[in-house]
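Asks: Spelled out, the chains give:
2 protein chains.
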Amino acid sequence: MNGAESLVKTLALNGIEVCFTNPGTSEMHFMAALDRTNALRCVLGLQENIVTGAADGYARMAEKPAATLLHLGPGLGNGLANLHNANKAGTGIVNIVGDHATYHIEFDAPLTADVEGIAAPVSNWVKTSPTADGVAADGAESVRQAMTHPGRIATLILPANTAWGDGAEPVKAATPNSPTGPSEAAVEAAAKALSSGEPAALYLKGNVLREPGLTLAGKIAAKTGARLLAPTSNARIDRGAGRVPVERVPYVVAQAMDRLAPLKHLVGIGDKEPVAFFAYPDKPSRVLPDSCAPQLLCGEDEDGVRALEMLCDALDAHNAVPELAEGRANEGLPDGALDQDKIAAAFSSLLPEGAIVIDESISSGRQLNWQTAGAAPHSWLSLCGGSIGAGLPLATGAGIACPDRPIVALEGDGSAMYTIQALWTQARENLNVTTVIYANRSYAILQGEMSAVGVEDPGKVAQDMFNIDRPTLDFVSIARGMGADGERVDDAGDFAKALERGMATPGPYVIEAVI
Amino acid sequence: MNGAESLVKTLALNGIEVCFTNPGTSEMHFMAALDRTNALRCVLGLQENIVTGAADGYARMAEKPAATLLHLGPGLGNGLANLHNANKAGTGIVNIVGDHATYHIEFDAPLTADVEGIAAPVSNWVKTSPTADGVAADGAESVRQAMTHPGRIATLILPANTAWGDGAEPVKAATPNSPTGPSEAAVEAAAKALSSGEPAALYLKGNVLREPGLTLAGKIAAKTGARLLAPTSNARIDRGAGRVPVERVPYVVAQAMDRLAPLKHLVGIGDKEPVAFFAYPDKPSRVLPDSCAPQLLCGEDEDGVRALEMLCDALDAHNAVPELAEGRANEGLPDGALDQDKIAAAFSSLLPEGAIVIDESISSGRQLNWQTAGAAPHSWLSLCGGSIGAGLPLATGAGIACPDRPIVALEGDGSAMYTIQALWTQARENLNVTTVIYANRSYAILQGEMSAVGVEDPGKVAQDMFNIDRPTLDFVSIARGMGADGERVDDAGDFAKALERGMATPGPYVIEAVI
Numbered sequence: 013m014n015g016a017e018s019l020v021k022t023l024a025l026n027g028i029e030v031c032f033t034n035p036g037t038s039e040m041h042f043m044a045a046l047d048r049t050n051a052l053r054c055v056l057g058l059q060e061n062i063v064t065g066a067a068d069g070y071a072r073m074a075e076k077p078a079a080t081l082l083h084l085g086p087g088l089g090n091g092l093a094n095l096h097n098a099n100k101a102g103t104g105i106v107n108i109v110g111d112h113a114t115y116h117i118e119f120d121a122p123l124t125a126d127v128e129g130i131a132a133p134v135s136n137w138v139k140t141s142p143t144a145d146g147v148a149a150d151g152a153e154s155v156r157q158a159m160t161h162p163g164r165i166a167t168l169i170l171p172a173n174t175a176w177g178d179g180a181e182p183v184k185a186a187t188p189n190s191p192t193g194p195s196e197a198a199v200e201a202a203a204k205a206l207s208s209g210e211p212a213a214l215y216l217k218g219n220v221l222r223e224p225g226l227t228l229a230g231k232i233a234a235k236t237g238a239r240l241l242a243p244t245s246n247a248r249i250d251r252g253a254g255r256v257p258v259e260r261v262p263y264v265v266a267q268a269m270d271r272l273a274p275l276k277h278l279v280g281i282g283d284k285e286p287v288a289f290f291a292y293p294d295k296p297s298r299v300l301p302d303s304c305a306p307q308l309l310c311g312e313d314e315d316g317v318r319a320l321e322m323l324c325d326a327l328d329a330h331n332a333v334p335e336l337a338e339g340r341a342n343e344g345l346p347d348g349a350l351d352q353d354k355i356a357a358a359f360s361s362l363l364p365e366g367a368i369v370i371d372e373s374i375s376s377g378r379q380l381n382w383q384t385a386g387a388a389p390h391s392w393l394s395l396c397g398g399s400i401g402a403g404l405p406l407a408t409g410a411g412i413a414c415p416d417r418p419i420v421a422l423e424g425d426g427s428a429m430y431t432i433q434a435l436w437t438q439a440r441e442n443l444n445v446t447t448v449i450y451a452n453r454s455y456a457i458l459q460g461e462m463s464a465v466g467v468e469d470p471g472k473v474a475q476d477m478f479n480i481d482r483p484t485l486d487f488v489s490i491a492r493g494m495g496a497d498g499e500r501v502d503d504a505g506d507f508a509k510a511l512e513r514g515m516a517t518p519g520p521y522v523i524e525a526v527i
Numbered sequence: 013m014n015g016a017e018s019l020v021k022t023l024a025l026n027g028i029e030v031c032f033t034n035p036g037t038s039e040m041h042f043m044a045a046l047d048r049t050n051a052l053r054c055v056l057g058l059q060e061n062i063v064t065g066a067a068d069g070y071a072r073m074a075e076k077p078a079a080t081l082l083h084l085g086p087g088l089g090n091g092l093a094n095l096h097n098a099n100k101a102g103t104g105i106v107n108i109v110g111d112h113a114t115y116h117i118e119f120d121a122p123l124t125a126d127v128e129g130i131a132a133p134v135s136n137w138v139k140t141s142p143t144a145d146g147v148a149a150d151g152a153e154s155v156r157q158a159m160t161h162p163g164r165i166a167t168l169i170l171p172a173n174t175a176w177g178d179g180a181e182p183v184k185a186a187t188p189n190s191p192t193g194p195s196e197a198a199v200e201a202a203a204k205a206l207s208s209g210e211p212a213a214l215y216l217k218g219n220v221l222r223e224p225g226l227t228l229a230g231k232i233a234a235k236t237g238a239r240l241l242a243p244t245s246n247a248r249i250d251r252g253a254g255r256v257p258v259e260r261v262p263y264v265v266a267q268a269m270d271r272l273a274p275l276k277h278l279v280g281i282g283d284k285e286p287v288a289f290f291a292y293p294d295k296p297s298r299v300l301p302d303s304c305a306p307q308l309l310c311g312e313d314e315d316g317v318r319a320l321e322m323l324c325d326a327l328d329a330h331n332a333v334p335e336l337a338e339g340r341a342n343e344g345l346p347d348g349a350l351d352q353d354k355i356a357a358a359f360s361s362l363l364p365e366g367a368i369v370i371d372e373s374i375s376s377g378r379q380l381n382w383q384t385a386g387a388a389p390h391s392w393l394s395l396c397g398g399s400i401g402a403g404l405p406l407a408t409g410a411g412i413a414c415p416d417r418p419i420v421a422l423e424g425d426g427s428a429m430y431t432i433q434a435l436w437t438q439a440r441e442n443l444n445v446t447t448v449i450y451a452n453r454s455y456a457i458l459q460g461e462m463s464a465v466g467v468e469d470p471g472k473v474a475q476d477m478f479n480i481d482r483p484t485l486d487f488v489s490i491a492r493g494m495g496a497d498g499e500r501v502d503d504a505g506d507f508a509k510a511l512e513r514g515m516a517t518p519g520p521y522v523i524e525a526v527i
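Top line first, the protein sequences correspond to chains A and B. Per the working numbering, the very first residue in the first sequence carries number 13; after that it's consecutive. Per the working numbering, the very first residue in the second sequence carries number 13; after that it's consecutive.
One thing to keep in mind: the hints can contain errors.
Below are the EDC-like pairs computed for lysine to aspartate or glutamate, each with C-alpha atoms no more than 20 Å apart in a straight line [to be verified]:
1) B:Lys472 / A:Glu441
2) A:Lys472 / B:Glu29
3) B:Lys295 / B:Glu285
4) B:Lys284 / A:Asp120
5) A:Lys139 / B:Glu181
6) A:Lys295 / B:Asp120
7) A:Lys295 / B:Glu118
8) A:Lys284 / B:Glu29
9) A:Lys204 / A:Glu285
10) A:Lys284 / B:Asp120
11) B:Lys139 / B:Asp126
For the record, the hints were derived by calculation from the structure and aren't laboratory data.
Looking at chain A on its own, in the form it has when it is part of the complex (with noise of 0.2 Å):
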């Protein structure tokens, strides 16, 4: 067999089971050992933002890496925003990048790029491989390095020549280290604080917000009185009522200082503790007050799940009842004119169980995360990188991952418009995603950014770069031309069928929130 032969069998041979994609000429050996191994589902992305964004959302629901195939430097580069999403939520992946045969190089011809310097900003191992018959152990070895805790970014380079010359066997993957736990010592000093008396907090990042970090971690804000926070954005956190729940720390400078003012203590796990996301001239970067001193009880490639477990062992805790969250009054649907609030009180009330929840809302859905704290049991996916224009290609991924939950994207009306190609890949793989765009026609957070960085009255030309409403986007003419059905709403009871309707009709859905 040939090189890429033998690196598609290793992928599969390791677990991977989905290839996201957009190919080119360099990789058509590696399209055409998919074509002959049937070994790996394709999905194609008509752009390949939509490709590394889609490979970020199935590793958040699958728990397991997919590979991605890109052309060149220049797809990676084209990809490079949503794989520095997923570098940020700790998603693996093993992105295989295409490239000129080694010894095409040296003629510089039009797409000849230095593959491995785009790379290295956003992923944690790259390699490239230079020979036929070592590129199945490099491939084994992309898969370790993706299925480190918590998720890595590994990125093999693979020349064409790379790929048509005689290959070796497929390559049996090293096992991941496995994460260890913290020292006795970091569970003792953090067991003391969280047991003090003093306000206190547990600060969650990774998969200890899913179970069973979750109620580990409800234990022992049931025994010590602590509260659970985690960041504003996650990769993934199940949520709703039944489930134990978490604070997350306002987006909003001067809101999360507010709420985290009273405390004396704050154990981290996975992060040492919440920063600003952007800094302002009269604001700090650290958002703990002075009397607060953080301390890490474990790091995110440390294992947080069994630093939990200890802490619940030192606090004596495994027997305490966690509070869970109650589900939601029966408020009725709301109606009248459409505005955030109605889509977020009609969204809480209408999510069905199990379903995943893809948040880009931006400015619009900020009110959304405690309306729906008591909505349905329901996975909840942020964007964590900050670069919009993840949402459409995290449902996407989520879709393919898990066919039989359903998916609301909540996306603002700009970052749709990054990878609103995505809708295409929804509906050729029928993907039950139903797409909510807050269509307030504007940057809308940018607005409030510029007031908070100090400027006020923004005048014309500044308010001509933050508006989109020149001209109005149709996103259900959009979403039509790329084969997705929708509809445009404005009011509250519209809206509200609307959601339904797209939650139970399969293939993709948008709704266009006028507000």
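Assemble chain B onto chain A, guided by the hints.
Replies: Chain B alone, transformed into the frame defined by chain A:
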């Protein structure tokens, strides 16, 4: 004034007139400075590959750089592919990339990334401006870099506190180094080769493909019998009836080798020799015959026009009369079922004088080159870096540079979907761009490439990745959703009418040409 204002004023002082942008929080002070000073025209793109591609198209037509304003590392990443294309085209661009305040970097907030690392593979010059009082000088240097022949990508990273801190006065840039001509010895060797009586060619790349270079090259051809060749893809060729015609080297390796086979001498200006776009298992990277020794008369950073003048001197060719392209015979407009040839025929007949053609037609448009040789005089801009998704942004930027020239973008359907959001900017700026989409419902080029790399009869998996017909893309619906008008045609007569309508109508017009 603050650093941001000193930078805006420095850009304007040094001749920058347009800023293509998609800004975010870290760019708010720069935005406010643009607002206060009104010193640059701001053009918004809905995704950064629109922004960078438009800057490329603008510079190719305006013959001067534009600025871009991008949001941290991921925003730059979104625009990386079209910066790669611009770099390969020899285009000058000044990228201003916002970043976190310098003191905020250590907190590793979500958008923190290695901005310099992301910029380096596509930039000729990269600098982070650490202090507000130095940013005007850095800005002046970035403009000088971008204006350095033939045009360079200069990336200036602007931390938020550099923008909001107290800045210095605007700085006048040093004059870019003038490119020098070749040595007398190189000219003599070139003259000897061209006048040897053996088959010879001038291989022209860069600004010699417009006046005065074309006429000088035509005189040399008339005097010596040398052929005039250019790369397959060029930043800009001015061509059509009454202009000196230049033969482009075909993309397909066998065809290129065939056309070059007779040559004994090749004199390169701006590039040494044509090479294969990709490597293939059984084909060479070099396409010149072994019997032809190429000689580089002048590199891309040297003065090609001066080289041609010196060559005219050496050959005593100043009074030679160049052969000019004849006007196209009036063959009438085609009718019947639409195909690639009929598109080419209608297009060639109807193209108005002074039109700008953007060619990203990939496989569908390969016959366009010779069929349009006798069309009314026009400028022809190609995808130079091979990363599809440049066409609609290039058209957008060309429209900003030349509001009075009609623009026709020829697009593959696969390519068009990469940056389809550009239609919105075209509508917003009321640019007279007619986009012809060759709707063959596939990445047709990959069908041929798979065979070229030695794989025959691709199976279902590969075919699925080449065909984008499931679901069918409705480009008219997509265009309308972004505020652009259009129509779908499958008849040649209707196509001709649609093309006339599109070019005569202000604002963007999309023709989905079903073939």
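Asks: Now tell me if each hint is right for this structure.
Replies: Hints, verified against the model:
1. B:Lys472 / A:Glu441: The hint holds at about 15 Å.
2. A:Lys472 / B:Glu29: With Cα atoms ~17 Å apart, Lys472 of chain A and Glu29 of chain B stay inside 20 Å; holds.
3. B:Lys295 / B:Glu285: The hint holds at about 17 Å.
4. B:Lys284 / A:Asp120: holds, 11 Å
5. A:Lys139 / B:Glu181: Distance ~46 Å between Lys139 of chain A and Glu181 of chain B Cα, so the pair is violated.
6. A:Lys295 / B:Asp120: At roughly 17 Å apart (the allowed maximum being 20 Å), Asp120 of chain B and Lys295 of chain A satisfy the hint.
7. A:Lys295 / B:Glu118: holds, 16 Å
8. A:Lys284 / B:Glu29: Roughly 46 Å separates the two Cα atoms, so the pair is violated.
9. A:Lys204 / A:Glu285: holds, 18 Å
10. A:Lys284 / B:Asp120: Judged against 20 Å, a Cα distance of about 11 Å means the pair holds.
11. B:Lys139 / B:Asp126: holds, 12 Å
Against the hints set out earlier in the document, violations occur for numbers 5, 8.
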